[in-house]
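A.B. asks: We have chain A; now place chains B and C onto it with these hints.
In case you want the letters, here they are:
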Amino acid sequence: MQGDLRGDDPLSGYSLVVGDLVGVAVFAASGASAAVAKRLDLFGVGFVGFVAALGGGILRDLVIGSVPPLAFADWRYPVTAVLTSVAVFWLHPQLSRLRRTVLLLDTAGLGLFTVTGTLKALNAGVPPVGACLVGMLTAIGGGLARDLLTGEIPVVLQREIYAVAALGGAILVTILYGAGFVGPLPMVVAAVLITGVRLFALYRRWHAPIAVP
Amino acid sequence: MQGDLRGDDPLSGYSLVVGDLVGVAVFAASGASAAVAKRLDLFGVGFVGFVAALGGGILRDLVIGSVPPLAFADWRYPVTAVLTSVAVFWLHPQLSRLRRTVLLLDTAGLGLFTVTGTLKALNAGVPPVGACLVGMLTAIGGGLARDLLTGEIPVVLQREIYAVAALGGAILVTILYGAGFVGPLPMVVAAVLITGVRLFALYRRWHAPIAVP
Amino acid sequence: MQGDLRGDDPLSGYSLVVGDLVGVAVFAASGASAAVAKRLDLFGVGFVGFVAALGGGILRDLVIGSVPPLAFADWRYPVTAVLTSVAVFWLHPQLSRLRRTVLLLDTAGLGLFTVTGTLKALNAGVPPVGACLVGMLTAIGGGLARDLLTGEIPVVLQREIYAVAALGGAILVTILYGAGFVGPLPMVVAAVLITGVRLFALYRRWHAPIAVP
Chain A
1 MQGDLRGDDP LSGYSLVVGD LVGVAVFAAS GASAAVAKRL DLFGVGFVGF VAALGGGILR
61 DLVIGSVPPL AFADWRYPVT AVLTSVAVFW LHPQLSRLRR TVLLLDTAGL GLFTVTGTLK
121 ALNAGVPPVG ACLVGMLTAI GGGLARDLLT GEIPVVLQRE IYAVAALGGA ILVTILYGAG
181 FVGPLPMVVA AVLITGVRLF ALYRRWHAPI AVP
Chain B
214 MQGDLRGDDP LSGYSLVVGD LVGVAVFAAS GASAAVAKRL DLFGVGFVGF VAALGGGILR
274 DLVIGSVPPL AFADWRYPVT AVLTSVAVFW LHPQLSRLRR TVLLLDTAGL GLFTVTGTLK
334 ALNAGVPPVG ACLVGMLTAI GGGLARDLLT GEIPVVLQRE IYAVAALGGA ILVTILYGAG
394 FVGPLPMVVA AVLITGVRLF ALYRRWHAPI AVP
Chain C
427 MQGDLRGDDP LSGYSLVVGD LVGVAVFAAS GASAAVAKRL DLFGVGFVGF VAALGGGILR
487 DLVIGSVPPL AFADWRYPVT AVLTSVAVFW LHPQLSRLRR TVLLLDTAGL GLFTVTGTLK
547 ALNAGVPPVG ACLVGMLTAI GGGLARDLLT GEIPVVLQRE IYAVAALGGA ILVTILYGAG
607 FVGPLPMVVA AVLITGVRLF ALYRRWHAPI AVP
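Residue numbers (the working numbering), protein chains in the order written: chain A, 1 to 213; chain B, 214 to 426; chain C, 427 to 639.
If we strip away everything but chain A, and leave its shape as in the complex, we get (with noise of 0.2 Å):
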C-alpha cells in the first residue's frame, strides 16, 4: 500500500483500499462513458477515464507536495481506471441500462473522494479552509478534467447540488478532525452524509441558483 495513506491516518487498512478504488471504478466508467458519447477511440476512452478516475487526486497531491502522486506510485491505481475504461468501451449498449447503478456509484464516489482527500490535505499539515478546498477538488477535479478533454463546459459549474455537498462534507470532515473524532466511524458518516445529500438533491432536484439575467 506504498504511498497511500499515510502514518496516522485514521482511515488506513485494507477496506479503505478496497473503497478507494470503488471510487476510482465509478469515475473511471463516468470518463469512459462521456468518450464514448463523443466517439473519441479506444485509447481516449482509457485516457478520459484515466483522467478522471485520478486527474483530482493527482491534483490534490501536487498541492500537499506528496510526490510522485498515488496514480503513479500506486499501480492498483491506473490499472483499476483503465481496465474500467476498456470494459466501458465494450459494454457501454448495455451500460446505458444501469444509468442509475452508476448514478448511485458515481455520488458514492463523491462521498467517499471528498473525506480521503480532505484527511489527506490535513494529515499533510493544510490549514483548515484549504484542507476544505483541497477535498472538494480531489472530488470534483476528475470530471472537471473529464469535461474539459470533452469540449464541454463542466457539468459541475453549472446547476447542480454536486461541488456543495463535497464542500459541506469537506467542511464537516475538518470540523470532525479539528475536534478529534478521526476514526473510521465519523469519516463513514460524513461519506454517507455527502452521498446522501447528493442523492436527495437529485431526487428532489434542487439546484443551485443561477444569478438573475
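Warning: the hint list may mix true and false statements.
Stated by the list, open to error - Below, computed lysine to aspartate or glutamate pairings styled on EDC-like, alpha-carbon distance capped at 20 Å:
1. B:K251 with A:E152
2. B:K251 with A:E160
3. C:K464 with C:E578
4. A:K38 with C:E578
5. C:K464 with B:D319
6. A:K38 with A:E152
7. A:K38 with C:E586
8. C:K464 with B:E373
9. B:K251 with B:E365
Rather than coming from a laboratory, the hints here were simulated on the basis of the structure.
C.D. replies: Same frame as chain A, but now just chains B and C:
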C-alpha cells in the same frame, strides 16, 4: 502571514498583502463576471472566480516548489476570492456600470501579480529566464483558466497587449533584482509601468500582430 | 546543463540535449502552426508553441518532484520553443510546403520525449507502471494542452496510433531499464521503434478502434 511572502522578500509587509488581496479580488470579479455571463450557478461563479484569482498563483507555487500553494495555505486568499465572486453574483447588473473601474483594477492586478510572481520565483532560486516566465504565468494563468473553464479560446492569446506587458514587466523586475534594486520603490515603479503600458495600449487600441494569411 | 539530466542518467551528454532541443523545436512548431491557423496574435503563437513544446515536460517534472521544471530551470528550452514559434509565425506560408518534414520531426519528437520522460521517472524512483504513464504523458501532454488552448478536442484522443506508440515505447524502456540495458544504444533503439511504429501506422492508415454505436 504564514506562507505568504517569505524571509527576505523585499516586498513583504502589511501593505503588500493588502495589495495582493486587491489583485485577488479584481481577478475574482473578472472570473465571476464571465461565469455569470455563461449562466453558471452560484457554485460555478464562485469556482471560476476562485480559479481566475488564484490559478496563476497556484501554478507559480507548484513550479517553484512552495507547497501547499498560498491559495490553500493562507485562508485570506480563497475567502477574498469567493466573497468577491458571490458579491458579483448578486450585484452583477450594477457592475456593468462599473466596467471602467473593473478594467482599471484588473490592469492594476496584472502589474502587481507580475511583480510578486517574478520576485517569488527569483527568491526561490529560479534562473532569470525561468523567473520571467513564472512571473508572466502568475499574472495571466488565472485568466487562461477562466477562459478554458467557460469554453472560450483564452482572450490573452488573441489580439491584446496584455501578456506582453506582463512579460516586459517581468524582465524589468528581473533586471532590477539582478542589479540589487529590490526595495519597495523599484517594485512599485515596475508594477505601475506594467499597468501603464497595458492602459496605454488599451487607449491607443494597440494590438500584437497576427500572421498574414 | 543545470537541472537537465541528472546524475547517472544513461542518456546525459551533449548529444541528448541537442536531440531534446530538436524535439522541443518540432513540438513548438506544431503548436505555433495550430495557433496561426486559429488567428492568434504573435504572443498567442509563442505561448501555444511554448506550451506544446514544454507542457508535457512541465507536467512530468511536477509529478516526479523535480522543481523548478526544466522549462524554467534551463533557459535553452524556453528560448528554443519561443524562437521556433516566432519563426513559424513569419514563415508559415512556406511551412505548408514542409508538411511532410514537420510530420516526420514531430514523430521523432514523440519517440525521444517518451524515452527521456520514462527514464527520468524511473531515475526519480517512480514504480514501473507509473513510469510508463509519466513517459507517455511527457510525449503527449504538450499536444493535449495545445488542443485545449485552441478550443479543440485533443486529436490524440481521437483516431490515431500516436499515444499508443508512446505507451508501447514507454513499456519497452521500462523493461530494458529493469533488465539493466540502460546505455545509449537500447534507448536510441526504443526511440527509433516508437517513431517507426507511428510512421508505419500513418502510412497504413491504422487507427485505434472506436466503440460500436
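A.B. asks: So, for every hint listed, does it hold in this structure?
C.D. replies: Going through the hints against the structure:
no.	hint	in the structure
1	B:K251 with A:E152	holds (12 Å)
2	B:K251 with A:E160	holds (15 Å)
3	C:K464 with C:E578	holds (11 Å)
4	A:K38 with C:E578	holds (12 Å)
5	C:K464 with B:D319	violated (26 Å)
6	A:K38 with A:E152	holds (11 Å)
7	A:K38 with C:E586	holds (15 Å)
8	C:K464 with B:E373	holds (15 Å)
9	B:K251 with B:E365	holds (10 Å)
The structure does not agree with numbered hint 5 stated previously, though it agrees with all others.
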